[in-house]
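> According to the numbering used here, the sequence shown is numbered sequentially starting from 458.
Derived by calculation from the structure, the hints in this document are not laboratory data. Ideal Cβ placement from N, Cα and C applies to all residues, glycine included. Be careful, since some hints might not be right.
[Claimed, not checked] Using C-beta positions, here's what the derived DEER-type ranges look like:
1) Arg492 x Lys515: 32 to 42 Å
2) Leu579 x Ala479: 30 to 40 Å
3) Gly539 x Asp559: 19 to 29 Å
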Amino acid sequence: MPQPPVIPLTAWWAIAVAATFAFLAFFVPLMPNRRYRIRISLAPFAAVLLVTVSALVKHHSAEVSLPLYTAAIGGFPLGFLGRRGELREKARYAAEHGSSPDNALSKGAQLQVVAVIIVVALVGSWFSMVD
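Turn these sequences into a full structure, and let the hints guide you.
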């Protein structure tokens with residue numbers, strides 16, 4: 458497998474910050490109320506915590522951790538591209554009626570999200586393979 462291009466650490470920080478803002482800009486406006494907006498806004502912080510703990514346990518450097526974080530947080534908006542209306546409606550329904558299996562995303566949306574997240578995770582893993 459070819460080696461990933463060398464991207465400076467400062468560029469990875471900028472990319473990670475941009476991915477975080479993209480995540481928030483995509484999902485926060487779709488949420489139907491304040492409680493849901495706060496919950497979705499906490500997702501990047503949960504991802505930072507998860508990646509940080511993983512890096513500490515596995516002794517990874519920032520050069521490894523930042524591509525993984527960026528893939529994790531950036532994959533979700535990419536996965537839901539073209540599905541904003543459906544996601545907005547499902548979130549509104551969940552806020553009004555609670556979670557329900559009847560309120561699941563369509564099979565097409567589920568397939569799209571999973572496929573994109575897998576591809577983005579593989580790309581992020583590839584970028585994290587530094588020597």
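> Starting from the hint 30 to 40 Å, judge whether the C-beta atoms of Leu579 and Ala479 obey it.
With a Cβ separation near 19 Å, Leu579 and Ala479 fall outside 30 to 40 Å, so the hint is violated.
> That 32 to 42 Å hint for Arg492 and Lys515 (C-beta), does it hold up?
34 Å, holds
> Check the following: the C-beta atoms of Gly539 and Asp559 are separated by a distance inside 19 to 29 Å.
Cβ of Gly539 to Cβ of Asp559: about 23 Å, so the range 19 to 29 Å holds.
When the structure is compared with the earlier hints, a violation turns up for hint 2 alone.
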